[in-house]
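Sequences listed follow chains D and C, in order.
Sequential numbering of the first sequence, starting at 1, is according to our numbering.
Sequential numbering of the second sequence, starting at 1, is according to our numbering.
Don't read these hints as lab results, they were simulated from the structure.
Ideal Cβ positions, reconstructed from N, Cα and C, are used throughout, including at glycine.
Just so you know, not all the hints are guaranteed correct.
[Said to hold, decoys possible] To give a feel for the contact side, a few chain D residues facing chain C, derived at Cβ under 8 Å:
(1) 42
(2) 126
(3) 260
(4) 380
2 protein chains.
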Amino acid sequence: MIALLSSANSRLHVSNQLSLSNPLPMQVFFTPGPAQLYPTFETHLQQAVREQIGSISHRSKQFRSTYQFAVEQLRELMHIPADRAILFTGSATEIWERIIQNCVENESAHFVNGSFSKRFYEFSVEIGKKAQKFEVPFGQGFDISQHTISDTAELVCLTHNETSSGVSMPVADIHSFKKSYPSKIIAVDMVSSAPYPELNWELVDTAFFSVQKAFGLPAGLGVWIVNETCLHKAESLKQKGFYIGTHHSLPSLWKSYQNYETPATPNILAIYLLGKVVQDMNRTGIATLRKETDEKAALLYNFLKTSDVYSIAVENEAHRSATVVVATVENPAEKIAALKEKGLVIGSGYGSFKEKQVRIANFPATSAEQIEQLIRTMQA
Amino acid sequence: MIALLSSANSRLHVSNQLSLSNPLPMQVFFTPGPAQLYPTFETHLQQAVREQIGSISHRSKQFRSTYQFAVEQLRELMHIPADRAILFTGSATEIWERIIQNCVENESAHFVNGSFSKRFYEFSVEIGKKAQKFEVPFGQGFDISQHTISDTAELVCLTHNETSSGVSMPVADIHSFKKSYPSKIIAVDMVSSAPYPELNWELVDTAFFSVQKAFGLPAGLGVWIVNETCLHKAESLKQKGFYIGTHHSLPSLWKSYQNYETPATPNILAIYLLGKVVQDMNRTGIATLRKETDEKAALLYNFLKTSDVYSIAVENEAHRSATVVVATVENPAEKIAALKEKGLVIGSGYGSFKEKQVRIANFPATSAEQIEQLIRTMQA
Chain D
1 MIALLSSANS RLHVSNQLSL SNPLPMQVFF TPGPAQLYPT FETHLQQAVR
51 EQIGSISHRS KQFRSTYQFA VEQLRELMHI PADRAILFTG SATEIWERII
101 QNCVENESAH FVNGSFSKRF YEFSVEIGKK AQKFEVPFGQ GFDISQHTIS
151 DTAELVCLTH NETSSGVSMP VADIHSFKKS YPSKIIAVDM VSSAPYPELN
201 WELVDTAFFS VQKAFGLPAG LGVWIVNETC LHKAESLKQK GFYIGTHHSL
251 PSLWKSYQNY ETPATPNILA IYLLGKVVQD MNRTGIATLR KETDEKAALL
301 YNFLKTSDVY SIAVENEAHR SATVVVATVE NPAEKIAALK EKGLVIGSGY
351 GSFKEKQVRI ANFPATSAEQ IEQLIRTMQA
Chain C
1 MIALLSSANS RLHVSNQLSL SNPLPMQVFF TPGPAQLYPT FETHLQQAVR
51 EQIGSISHRS KQFRSTYQFA VEQLRELMHI PADRAILFTG SATEIWERII
101 QNCVENESAH FVNGSFSKRF YEFSVEIGKK AQKFEVPFGQ GFDISQHTIS
151 DTAELVCLTH NETSSGVSMP VADIHSFKKS YPSKIIAVDM VSSAPYPELN
201 WELVDTAFFS VQKAFGLPAG LGVWIVNETC LHKAESLKQK GFYIGTHHSL
251 PSLWKSYQNY ETPATPNILA IYLLGKVVQD MNRTGIATLR KETDEKAALL
301 YNFLKTSDVY SIAVENEAHR SATVVVATVE NPAEKIAALK EKGLVIGSGY
351 GSFKEKQVRI ANFPATSAEQ IEQLIRTMQA
């Protein structure tokens with residue numbers, strides 16, 4: 001592993017200088033989240049300890065500055081307009097619940113092509129809404145021209161990157177919904193792809209992600225980007241007597257956010273680390289990060305194309321994810337175990353696909369050199 | 001600060017050996033949460049980094065062992081019976097919401113004597129339940145013999161330690177409710193006192209806390225202890241068509257817990273650190289921790305009794321909190337600032353009491369020597 005780490009991208013790894021004696025062999029995680037931590041994570045964690053971030057009050061100026069910093073860095077990285085609130089929850093899963101509660105009076109529409117987009121749909125049903133479902137088999141994407149959303153649906157739920165199957169919805173497709181359905185709220189699950197997709201925020205009302213995927217941080221924080229259309233919808237639902245949540249209703253979160261605070265004590269350490277890692281990403285630049293993601297994805301897909309052992313699980317090239325690459329293989333558990341022996345941890349297939357697939361995350365935290373090392377080892 | 005740290009309780013501080021060059025002056029936090037981190041926190045954090053806890057899957061054996069370890073350590077420390085589930089949420093605030101959703105069909109009853117017990121009551125109203133409220137002025141406790149809970153209330157919400165006012169409900173009072181109301185669910189908010197109060201779990205159906213108070217950890221994890229009575233209530237509510245939550249409904253959390261998993265990716269790092277810190281607490285022993293808490297509380301209250309500047313805010317001695325000591329003082333902001341200059345951070349009064357009170361946390365993370373140092377500085 002030493003060789004692998006030292007051969008890795010020097011820009012990415014320059015700050016990874018934890019000077020502790022480390023008796024454990026370090027592994028490199030290519031799992032689709034929790035995932036490899038961003039190379040600068042440890043440096044920022046040490047600084048957080050020095051600054052006693054774990055003890056500061058969530059009602060202090062220091063916390064408000066920490067929240068504001070994370071917001072400003074995210075705005076820069078993802079070009080999020082100033083009129084969008086950036087809110088924090090316990091997880092992206094919680095955001096599914098909060099979006100349905102706050103943005104749907106009667107009906108939502110869902111594009112379902114895997115376990116996570118399905119769960120978002122199920123949340124709407126569990127919350128008691130009518131939910132329209134457009135479903136294609138696992139591993140497939142959508143021909144969106146084939147689906148007509150009900151006039152009565154108020155919210156359209158799209159999954160940019162279906163983490164379970166490695167299927168991505170092209171950004172152009174995502175953008176087309178607002179044009180076809182200007183009065184509907186467009187929600188984009190970008191849990192395992194942000195900040196990679198270049199969304200046009202004029203065509204997206206709300207989007208969300210969690211930090212343990214492409215941001216390379218420990219789990220425990222959901223990030224919810226939301227516009228005033230959603231806020232007004234939530235306020236009107238509340239006025240009509242609908243239950244929209246307590247501390248994490250959208251109006252409650254938004255009100256606190258205006259002061260860079262949160263309704264309850266949040267995961268302050270994670271917010272601090274997010275701001276710092278996103279600052280590092282901004283130093284690299286989003287264009288470079290996207291280009292590197294594309295290049296690393298090409299390495300992986302080119303390997304799978306030529307491999308006798310692995311094959312690409314997503315047939316339609318236009319729907320292949322750049323950030324979660326799924327491969328079909330015999331005896332995946334054996335393959336995963338053999339790689340793990342060499343310190344390379346890849347993900348199993350999701351649910352019943354554990355028996356025939358593996359998933360390889362391609363997040364910014366792993367360098368091209370590490371991806372190449374993985375490919376060489378998979379080839380061996 | 002060096003002198004203060006080196007004079008501190010050696011048992012508590014023996015593992016606090018972060019060998020990083022630290023250019024920032026370290027402060028000691030006597031704030032009621034987020035609070036001073038447990039002395040062994042940094043050691044465990046370093047080990048978590050070595051073990052790559054931030055990257056492990058929440059569906060892995062390693063995570064299940066981590067969850068199980070935290071549960072076992074908490075059971076030992078707080079004598080929690082094996083039939084109680086121990087569940088994790090994003091915050092204790094979230095647990096207020098989940099308890100009301102899962103344990104109340106029509107009506108809850110609340111003993112309100114400060115901002116947090118009031119917020120729990122308000123959550124019930126916001127969720128659309130009928131909520132009975134017994135309210136006494138800020139700074140006062142209850143004469144529970146004076147209050148009769150409605151026959152129709154299904155849930156009784158008690159706050160062992162009202163963090164805003166420093167008022168505690170005696171454990172004997174808490175235990176008396178089950179005897180008087182055997183068919184009602186008894187819920188105990190022990191957010192800023194656990195593991196100090198010695199609850200008889202036969203007389204309590206559910207209790208909860210967050211980790212950034214007396215457990216001395218960074219914020220971002222709520223811990224929910226719950227029995228099968230609550231689970232069955234939630235299941236019956238669901239059957240009747242009530243909305244009880246999605247991923248964090250009690251049945252969903254409980255089902256995952258049986259496998260030591262969580263419905264969504266949780267704050268894995270916090271669960272790991274909680275298990276480790278509670279193991280340290282078990283090494284000390286709960287009896288010792290309670291005795292030390294009592295002794296340190298006596299130091300603080302004795303100081304306040306004899307001070308010309310500060311006075312005890314809670315008049316009734318039986319209702320004075322051992323873990324959050326509240327004092328009345330003129331110009332509290334000035335006092336807080338002067339102490340902060342010397343590296344001693346105490347809490348402001350809550351809400352409008354910011355103008356006349358300070359709050360001093362007495363959690364296990366601060367030693368008797370540190371409390372004595374604080375008192376000497378407040379006297380100077």
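Going through the hints against the structure:
For the restraint placing residue 42 of chain D at the interface with chain C, the shortest Cβ-Cβ distance is roughly 6 Å, inside the 8 Å limit, so the hint holds. The criterion of a C-beta within 8 Å of any C-beta in chain C is met by residue 126 of chain D, whose closest approach is roughly 5 Å, and the hint holds. The beta carbon of residue 260 of chain D is not positioned within 8 Å of any beta carbon in chain C (closest approach about 16 Å), and the interface hint is therefore violated. Against a cut-off of 8 Å between C-beta atoms, the interface hint on residue 380 of chain D is violated, since the closest Cβ of chain C lies about 24 Å away.
Violation of the numbered hints given earlier is confined to hints 3 and 4; the remaining hints are satisfied by the structure.
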